[in-house]
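Colleague: Listed here are the chains, written in short residue letters.
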Amino acid sequence: DSGVTQTPKHLITATGQRVTLRCSPRSGDLSVYWYQQSLDQGLQFLIQYYNGEERAKGNILERFSAQQFPDLHSELNLSSLELGDSALYFCASSGGPPETQYFGPGTRLLVL
Amino acid sequence: DAKTTQPTSMDCAEGRAANLPCNHSTISGNEYVYWYRQIHSQGPQYIIHGLKNNETNEMASLIITEDRKSSTLILPHATLRDTAVYYCIVRPSNTGKLIFGQGTTLQVKP
Numbered sequence: 001d002s003g004v005t006q007t008p009k010h011l012i013t014a015t016g017q018r019v020t021l022r023c024s025p026r027s028g029d030l031s032v033y034w035y036q037q038s039l040d041q042g043l044q045f046l047i048q049y050y051n052g053e054e055r056a057k058g059n060i061l062e063r064f065s066a067q068q069f070p071d072l073h074s075e076l077n078l079s080s081l082e083l084g085d086s087a088l089y090f091c092a093s094s095g096g097p098p099e100t101q102y103f104g105p106g107t108r109l110l111v112l
Numbered sequence: 001d002a003k004t005t006q007p008t009s010m011d012c013a014e015g016r017a018a019n020l021p022c023n024h025s026t027i028s029g030n031e032y033v034y035w036y037r038q039i040h041s042q043g044p045q046y047i048i049h050g051l052k053n054n055e056t057n058e059m060a061s062l063i064i065t066e067d068r069k070s071s072t073l074i075l076p077h078a079t080l081r082d083t084a085v086y087y088c089i090v091r092p093s094n095t096g097k098l099i100f101g102q103g104t105t106l107q108v109k110p
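These protein sequence lines map, in sequence, to chains G and B. Under the numbering used here, the first sequence has 102 at position 102, and the numbering climbs by one with no breaks. Under the numbering used here, the second sequence has 10 at position 10, and the numbering climbs by one with no breaks.
Just to be clear, a hint being listed does not mean it is correct.
As the list claims (entries may be wrong) - If the Cβ cut is set under 8 Å, some of the chain B residues that face chain G in the computed set are: (1) S41; (2) Y46; (3) T95; (4) G96; (5) L98; (6) I99; (7) Q102.
Simulated from the structure, these hints should not be mistaken for laboratory data. All C-beta atoms, glycine included, are put in the ideal place defined by N, C-alpha and C.
Given only the sequences and the hints, what does the whole structure look like? Please build it.
Modeller: This is the structure:
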């Protein structure tokens, strides 16, 4: 158990819909990272937050957005969902950018 | 744009040491070598990391060559539960994001 929690574990929705994925970092960790893992793209970095502020962006679509709240939990919002958004979404946390990241169990999203 | 090269797959007999190689010939002085593994579709699990010196923890040992252009992850006594995809990642010290390649699928056989 890494100490990072993600909800929900599974999510099934339809194209065009919007969903919110939630991540609670390890106690004391200020940085949160989001990654997407699809069959054809592998594990890809989406976005990083540090203490409530966006720190780095990766291959995140404009339809996707994220935020980190004062209690340090983070949410990833996916809108106008397409079939290709079906994937595993992982959250990771660390004490700060140079430190080791610990991953949560992931949310499996299926868009039908 | 992964900066590492790993074999696609490897087999190892249960109880034997598993030696997983990684090539990172373009590594810079401030970049760390990290190893993670992913069992089935679980979240990636941190194993070990290093900069220049060899490192050992309760899970594995990391051997980094003197020129830092390659490294080897050693699982001293592989078990069936070590079957997983192992990722070798080079990460600058001033950034957080991890760039995952395709990794090595390690199959531990009875």
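Colleague: Could you work out which of the previously given hints the structure breaks and list their numbers from low to high?
Modeller: Of the numbered hints, all hold.
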